[in-house]
Structures are given as C-alpha cells and as structure tokens.
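> Read off the chains here:
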Amino acid sequence: MAYCMGFAGFSDSGKTTLIVKVLEELRRRGHRVAVLKHDGHGHYKEAKGADSTAFVEAGADAVVTISPDGVHVYEKKEAPDLQEQLANLAHYDLVLIEGFKKDKHPKVAVFRTIEQSRILEELDPAPIGIITDLAFESGGIPVFRPDEPQAISEFVEFCSKARQY
Amino acid sequence: MAKYTFVDKETCIACGACGATAPDIYDYDDEGLAEVIFDGDGNKGVTEIPEDLFDDLQDAQDGCPTDSIKVADTPFN
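Protein chains in written order, with my numbering: chain A, 1 to 165; chain B, 1 to 77.
Wrong hints could be hidden among the right ones.
As the list claims (entries may be wrong) - Some chain B residues well away from chain A (every beta-carbon gap over 10 Å; in silico):
| no. | residue |
| --- | --- |
| 1 | Met1 |
| 2 | Lys3 |
| 3 | Ile13 |
| 4 | Cys15 |
| 5 | Tyr28 |
| 6 | Thr47 |
| 7 | Asp59 |
| 8 | Asp62 |
| 9 | Pro65 |
| 10 | Lys70 |
| 11 | Val71 |
| 12 | Pro75 |
| 13 | Asn77 |
As the list claims (entries may be wrong) - Think about it this way: if two alpha-carbon atoms lie no more than 27 Å apart in a straight line, the pair counts; the simulated DSS-like pairs of lysine-lysine are:
| no. | chain 1 | residue 1 | chain 2 | residue 2 |
| --- | --- | --- | --- | --- |
| 14 | A | Lys48 | A | Lys102 |
| 15 | A | Lys101 | A | Lys77 |
| 16 | B | Lys9 | A | Lys102 |
| 17 | B | Lys9 | A | Lys101 |
| 18 | B | Lys70 | A | Lys37 |
| 19 | A | Lys48 | A | Lys104 |
| 20 | B | Lys44 | A | Lys37 |
| 21 | B | Lys70 | A | Lys48 |
| 22 | B | Lys9 | A | Lys48 |
| 23 | A | Lys21 | A | Lys45 |
| 24 | A | Lys161 | A | Lys37 |
| 25 | B | Lys9 | A | Lys104 |
| 26 | A | Lys101 | B | Lys70 |
| 27 | A | Lys102 | B | Lys70 |
Keep in mind that the hints were calculated from the coordinates and are not lab data. Just so it is clear, CB atoms sit at the ideal spot from N, CA and C, and this is done for glycine as well.
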C-alpha cells in the first residue's frame, strides 16, 4: 500500500511548485512516486486540437491514449472519489496529494503569508508538518522551508514507514 | 515523574509522524496503525518510559494530528 502525504494550502500558496521539487527528490532517492491533484474548480483542460480531446468533447465515457512513454486516461465521472483513485495507485511507494484538504489522509500545511496560515485551523486531522517561508511557531510539529525539498523528502520517508493512509 | 503512553488505534490515521519523531517508543502494526513498542509494551501503556525519551514523547504527542497518543504519569492498566 502506498503511503499518502497531502499538501494542503490555499490557492497560490506554492503547493504545486513544492510538490514538483519533493517528487524529484523522492524519485532521486529511488521511490516510485504518484501525484494526485484536486481540480476543485474544473480548470483542467485536455490539449486543444488533440484527437483525444475530440473524443472527450464528443462525449466519450472514457478515452485512453497509449503513447510510447505512458498512458493517458480520461474517465467521465459524476462524483470522482479520492479513495477509489488512491486504491488504483496502491502499487506505488508514495502518493503526493495536492489539495483535498477536507479528507483524512496525513497532510502538511503549505502557506506563504500569515493570511494563508489560516489553513492550519481548517485541517482536521491537524497537519503533521508545516512548510512556509515565515518564521512560524509550530506547536510541536516540524516546520520546513519550501526550499528544503531534501529535508521534506526525508520527513516523508520517515513517516511512510507506516505504509498506510 | 514516571511517564506511560499508549496509542488509541480507534482514532490513529497511520500518518507515521510519531514513529518518525520517537522511533524508540512507537512503531506500526500490520495495518500501519501506531503502537507502543518500547521494551515490549505491546501498546498496553504499562511500561515506564525513561527520562531520556521524554522530549521525544512530548514531541510525538504534540505532533499527533488526531490526539491519539495518550500520556500519563501512571500506568494505563
């Protein structure tokens, strides 16, 4: 079972940039890493003009595109479920989850400003780590800077000993 | 003052934070849920935690996202 670590924060808190750095570091350390992203406002768009997009736009229930270096899957779903998708990723070592701040998997809180630090009050369960540039009193949980992907990766490795979510 | 600890597995979410913070005290069962392993405690909360691990114990309790780590001055059973 893959260990899941969520990166929770408000819009423009640096989650994506951070996850890119952390996943690169975790890959360097030999882990197989999946990323699962919340697109809460439906911003995701298929590539304009691509054949696969034409199939999606024509209403296909699913479109699978097999390329030389990977498989791209689109599935139409009325209520996509995080746990169901995580189950599909169980064979990876680690799953980094962007968003889904209301779900129960372990999370670190990501913020750049005092205003964005309100995320700490919204997370239940509470975060197990904080990632911020601010000088922040942690209340007993580790605090990392976003330019410390190595230390953050080490923390994820330590926590992943549980191998569950 | 002696300290004793156990993990409430009903509320533990298997985040791994306690084992990362205090690996001499906490480890995980087959489901990834935390448990006290210090000196063969078996998560009963009856084994005295030595003073040199008090800081780790406190950090683990503070860092638990679901308050599942229980600490007391007397044995739990």
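> Are the hints correct? Go through all of them and say.
Do the hints match the structure? See the list:
1. Met1: holds, 20 Å
2. Lys3: holds, 16 Å
3. Ile13: The claim is violated: Ile13 of chain B sits with its nearest Cβ about 6 Å from chain A, within 10 Å.
4. Cys15: violated, 3 Å
5. Tyr28: The claim is violated: Tyr28 of chain B sits with its nearest Cβ about 5 Å from chain A, within 10 Å.
6. Thr47: holds, 21 Å
7. Asp59: Not fine: 6 Å to the nearest Cβ puts Asp59 of chain B too close to chain A.
8. Asp62: violated, 2 Å
9. Pro65: Non-interface label fails for Pro65 of chain B: nearest chain A Cβ at 4 Å, not farther than 10 Å.
10. Lys70: holds, 16 Å
11. Val71: holds, 13 Å
12. Pro75: holds, 24 Å
13. Asn77: Asn77 of chain B clear of chain A: closest Cβ-Cβ about 25 Å, beyond 10 Å.
14. A:Lys48 x A:Lys102: violated, 32 Å
15. A:Lys101 x A:Lys77: Judged against 27 Å, a Cα distance of about 21 Å means the pair holds.
16. B:Lys9 x A:Lys102: Holds: Lys9 of chain B and Lys102 of chain A sit about 21 Å apart, inside 27 Å.
17. B:Lys9 x A:Lys101: Holds: Lys9 of chain B and Lys101 of chain A sit about 22 Å apart, inside 27 Å.
18. B:Lys70 x A:Lys37: violated, 34 Å
19. A:Lys48 x A:Lys104: With a Cα-Cα distance of about 35 Å, the restraint between Lys48 of chain A and Lys104 of chain A is violated, given a limit of 27 Å.
20. B:Lys44 x A:Lys37: Distance ~39 Å between Lys44 of chain B and Lys37 of chain A Cα, so the pair is violated.
21. B:Lys70 x A:Lys48: Violated, at roughly 55 Å.
22. B:Lys9 x A:Lys48: violated, 49 Å
23. A:Lys21 x A:Lys45: holds, 24 Å
24. A:Lys161 x A:Lys37: holds, 23 Å
25. B:Lys9 x A:Lys104: holds, 15 Å
26. A:Lys101 x B:Lys70: Holds - the C-alpha atoms of Lys70 of chain B and Lys101 of chain A are around 26 Å apart, at most 27 Å.
27. A:Lys102 x B:Lys70: The given pair, whose Cα atoms are some 25 Å apart, holds under the 27 Å limit.
Hints 3, 4, 5, 7, 8, 9, 14, 18, 19, 20, 21 and 22 from the earlier list are contradicted by this structure; the remaining hints agree with it.
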